[in-house]
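Chain residues, written in single-letter form:
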Amino acid sequence: MSQAAVKKIRPKYLSLQALLFEIRLPLPGWISILHRISGALLFVAMVWLLWMLDRSLASEAGFEKVKHYAGLWPVKLSLLVLVWAYSHHFCAGVRYLFLDLDKGVDKETARLTSWIVLGASLALTALLGWKLW
Amino acid sequence: MTDRVVTGAHYGLRDWLAQRITAVIMAIYSVIVAFVFFFSEPVTYGVWRDLFAQGWMRVATLLFAVSLAWHAWVGVRDILMDYIKPDGLRLGMQVGTLVVIACYLGWTIQILWR
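Residue numbers (this note's numbering), protein chains in the order written: chain A, 1 to 133; chain B, 1001 to 1114.
The hints are simulated quantities; they were obtained by calculation from the structure and are not laboratory data.
C-beta: ideal position from N, C-alpha, C; glycine also.
All clues given are correct.
Derived coverage of chain A by chain B (criterion: at least 3 residues anywhere in the stretch with Cβ under 8 Å from a Cβ of chain B; other residues may be distant):
1) 45-52
2) 58-67
3) 94-102
Let's have the full structure, built from the sequences with the hints guiding it.
Structure (structure tokens):
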């Protein structure tokens, strides 16, 4: 009796281990959660971006200060993350608009467009990053 | 009696549709601004100030900011509805979000028309 209790296979719950190692999110799922994370990130970072816009338009001294500030590597790195967040949110958003119109909802196409979104947003980040610095 | 709650989504198509329409407006603005920057001379203070001194740029940026405010409200509200379960806390965070968005918007207007 007690042995049976020990050997009993327990039902599977969404443990952290299951989430990390056992359940594999398909690529469109990753695009979806990254769309949410990038959106939240942009919302939170808006205060910082507005502050930079404010200072850079206030005076020439402010503009130069922001320019210098944006050249510091931690700032540069943070800005690059935000550029990626914007690019990803943009590309994934365009994909969702097409999905809303019932275009590309079959599995093959949905996976293909997910790869395109992932690649295009990284390429955009690289391109904009290269142009900014 | 339905189980509608005050912190819910108002059960309509309006916000869903608004999020899509504002997305399209912001996408068009983004593409235009990206092209302007990509093919413009190195940005100096003069170029930067003059760009935002033009009427069309101010109005377009304001349109972008209002679209962003509405879009972000729907998005953040969706996130809060998914992860924040206690009603009081959720309502508090939703009100906080609206206050933050209102501040962002007021500040943007102040920056554009100083």
